[in-house]
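Residue numbers (the working numbering), protein chains in the order written: chain U, 320 to 434; chain C, 180 to 292.
Since the hints were made in silico from the structure, they are not lab data. Computed from a prediction, not measured in an experiment: that's the story for all the values here. Every residue gets a Cβ at the ideal spot worked out from N, C-alpha and C, and that includes glycine. Please note that a few of the clues may not be correct.
Claimed, not checked - Here are the simulated EDC-like pairs of lysine to aspartate or glutamate, each with C-alpha atoms no more than 16 Å apart in a straight line:
#  : chain 1 : residue 1 : chain 2 : residue 2
1  : U       : K355      : C       : D234
2  : C       : K284      : U       : E363
3  : C       : K184      : C       : D203
4  : U       : K338      : U       : E386
5  : C       : K250      : C       : D263
6  : U       : K359      : U       : E403
7  : U       : K337      : U       : D427
8  : U       : K355      : U       : E322
9  : U       : K357      : C       : D203
10 : U       : K360      : C       : D234
11 : U       : K328      : U       : E343
12 : U       : K355      : U       : E403
13 : C       : K284      : C       : D234
14 : U       : K341      : U       : E403
15 : U       : K360      : U       : D404
16 : U       : K338      : U       : E322
17 : C       : K250      : C       : E221
18 : U       : K360      : U       : E322
19 : U       : K357      : U       : E403
20 : C       : K184      : U       : E363
21 : C       : K287      : C       : E221
22 : U       : K359      : C       : E221
23 : C       : K279      : U       : E363
24 : U       : K355      : U       : E377
25 : C       : K279      : U       : E377
26 : U       : K328      : C       : E221
27 : C       : K233      : C       : D210
What the hints assert, rightly or not - According to the in silico footprint, chain C covers these stretches of chain U (three or more CB under 8 Å from chain C):
#  : region
28 : 364-373
29 : 426-433
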Amino acid sequence: DTEVTQTPKHLVMGMTNKKSLKCEQHMGHRAMYWYKQKAKKPPELMFVYSYEKLSINESVPSRFSPECPNSSLLNLHLHALQPEDSALYLCASSAGTGGRYQPQHFGDGTRLSIL
Amino acid sequence: DQQVKQNSPSLSVQEGRISILNCDYTNSMFDYFLWYKKYPAEGPTFLISISSIKDKNEDGRFTVFLNKSAKHLSLHIVPSQPGDSAVYFCAAGVRGGSEKLVFGKGTKLTVNP
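The following block holds chain C by itself, in its conformation from the complex (with noise of 0.2 Å):
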């Protein structure tokens, strides 16, 4: 049972275009969000956190929003670098409780010059 999905496998931009990453999630516990840069042969990166008592957190160029009663995050990147071409992991967490969380499958995103 996949509690965090991201149903897009792929996304690609145009540099200087908006990026937008979508995520959906399952379980109401859920009460923190994380966002995950990876590049080939590295680990995953820290990009932005939202906690549920949030619908928007902002980051230089990456700001992250929030609906709760959809269940439904998503990251936009403004404006999109070819840098930023990686795959992009959903996460989510509890708060106060255990420490485990549960990623998304990731959406590869590739911006063209």
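With the rest of the complex left out, here is chain U (with noise of 0.2 Å):
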């Protein structure tokens, strides 16, 4: 059993649609990531969260909003999206930033279809 737990597993919508995606670990980490994975493709990150502040956006469209209410949750807000942003999208999270190295730990993702 996987310790972040992503929600939905599965999401259809529209391109005019606005949906989130939401994120949630009790391991007391305090960096959060998100990522997006298309088929037979390495997850490509998206944005880093880091004691609840954007750390990292990797240029990503503005038509993906992330955002951290806290510590244990990660959302990721989209509106507007195009097909070819149909892919897994996974949610990670470490211990912190800086120093030693922590390994991230993932989700199972939300497999997210565009219509």
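The two chains are supplied separately, each in an independent frame; assemble them into the complex guided by the hints.
This is the structure:
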């Protein structure tokens, strides 16, 4: 069982819809991440939150909007997505940033399909 | 520009034998390396890591070797079991800086009974 929980597991939405992906961890981790993974490709980093502040935005289009309400929760708000945004969206967390590297632990992802 | 490369898309081995998965990197700033295993419909699961100050790290059946001069690392699984069949991703990062991990494209391992 994964300790990073993502909801929903599957999401189908139209290009004009607004939806949100949710991620939760209760490991006391202070860094949280959003990745996008297309079929037969490696995960690609989108955003990093460190101590609830956005620390990395990998030039992600503004139709993706991350939010970190507290240290346990991470949301990804979606609006006006394109069909090419269909992918598996993975959330991850790690113990902290800087110094000794801590491995990232992943959730099972949300499979997103844009019609 | 692919900074982390896994040149073998797939590998097939017999149960009980050794599986060797390879990974090359180009960015000499990387100083921490990880292996993840991914089953279908699940997220990647952390397996084992190694920092650049070491050349070997072992955890049960899994051993990672790092050759810094060649910018090469490998994951050895001994003995291989059918449950090890999955996609294995190599990833690299820089300690003390951002938490960005760069992943290879993955190698699909099939362990045959």
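**Q.** Hinted pair K184 of chain C and D203 of chain C, Cα distance within 16 Å
**A.** Satisfied, since the Cα-Cα distance of roughly 5 Å is no more than 16 Å.
Q | 16 Å Cα cutoff - pair K360 of chain U, D404 of chain U | A | Cα-Cα ~14 Å, so holds.
Q) Between K284 of chain C and E363 of chain U, does the CA-CA distance stay at or below 16 Å? A) 10 Å, holds
Q: Compare the distance between the alpha carbons of K337 of chain U and D427 of chain U with 16 Å, and conclude whether the hinted pair is satisfied.
A: 22 Å, violated
Q: Quick one: see if chain C covers the region 364-373 of chain U, three-plus residues with Cβ-Cβ under 8 Å.
A: Since 3 is at least three, the answer is holds.
Q.
Please verify whether K279 of chain C and E363 of chain U have alpha carbons no more than 16 Å apart.
A. 10 Å, holds
Q: Measure nothing beyond the straight line between the CA atoms of K359 of chain U and E403 of chain U; if it is 16 Å or shorter, mark the hint as holding.
A: 15 Å, holds
Q: Please work out if K284 of chain C and D234 of chain C have their alpha carbons no farther apart than 16 Å.
A: 23 Å, violated
(Q) Just to be careful, I want the Cα atoms of K359 of chain U and E221 of chain C compared with a cutoff of 16 Å; is the pair within it? (A) 14 Å, holds
(Q) Does E221 of chain C sit within 16 Å of K328 of chain U, going by the straight-line distance between their CA atoms? (A) It holds: about 10 Å lies between the C-alpha atoms, which stays within 16 Å.
Q. Is K357 of chain U close enough to D203 of chain C, meaning Cα to Cα at most 16 Å?
A. 22 Å, violated
Q. Does the structure keep K338 of chain U and E322 of chain U at a Cα separation of 16 Å or less?
A. 23 Å, violated
Hint check: violations occur at hints 1, 5, 7, 8, 9, 10, 13, 14, 16, 17 and 18; the rest are consistent with the structure.
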